[in-house]
Amino acid sequence: MIEKVHTLHRGSNGVFGVRRITEILQLEGETISRNRVPRVMGASRLQGIPRRRRWQGKSTGVRPDHVRNHLERYFEVLEVNTKWLTDVTYIRTTERWFYLRVLSISIKTSWAVGR
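Following this note's numbering, the residues of the sequence shown are numbered contiguously, the last one being 115.
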């Protein structure tokens with residue numbers, strides 16, 4: 001049984017974890033308890049690679065009635081500080097997410113504020 005766990009883990013290039021290896025062994029007809037595979041993998045210092053979660057964003061659709069578009073696509077500026085725009089961008093790095101906020105004042109001068 002221990003050799004089967006090692007073979008399945010090696011065959012998946014180290015991707016398969018406890019759940020998937022347990023499922024495969026049960027489909028092959030092995031009789032195992034739910035704690036056996038975690039014990040074997042822990043003793044052998046084997047670990048699977050978790051799946052990357054996909055972003056579950058909202059789909060674009062019709063704007064609600066109470067939300068108003070103040071610019072109505074009219075970007076011409078007659079006075080300073082009359083129209084402000086902003087944008088937020090999410091940047092994924094190997095360590096964590098970074099958020100980049102770009103502010104545009106009067107649509108002529110702009111700077112970036114990040115964290």
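Honestly, the hints are just simulated from the structure, not real lab data.
Glycine included, every Cβ here is placed at the ideal spot set by N, Cα and C.
Hints may be right or wrong, so weigh each one.
Unchecked claim - Label pairs and their in silico Cβ distance ranges: (1) E95 <-> R10: 26 to 36 Å; (2) I2 <-> V102: 52 to 62 Å; (3) L100 <-> E79: 47 to 57 Å; (4) R10 <-> H70: 58 to 68 Å; (5) L27 <-> W97: 50 to 60 Å; (6) G29 <-> R53: 28 to 38 Å; (7) E76 <-> W55: 49 to 59 Å; (8) G11 <-> P50: 14 to 24 Å; (9) S33 <-> R53: 46 to 56 Å; (10) R54 <-> G11: 20 to 30 Å.
**Report entry** Numbered hints the structure breaks, given as an ascending list
**Finding:** 3, 5, 7 and 9
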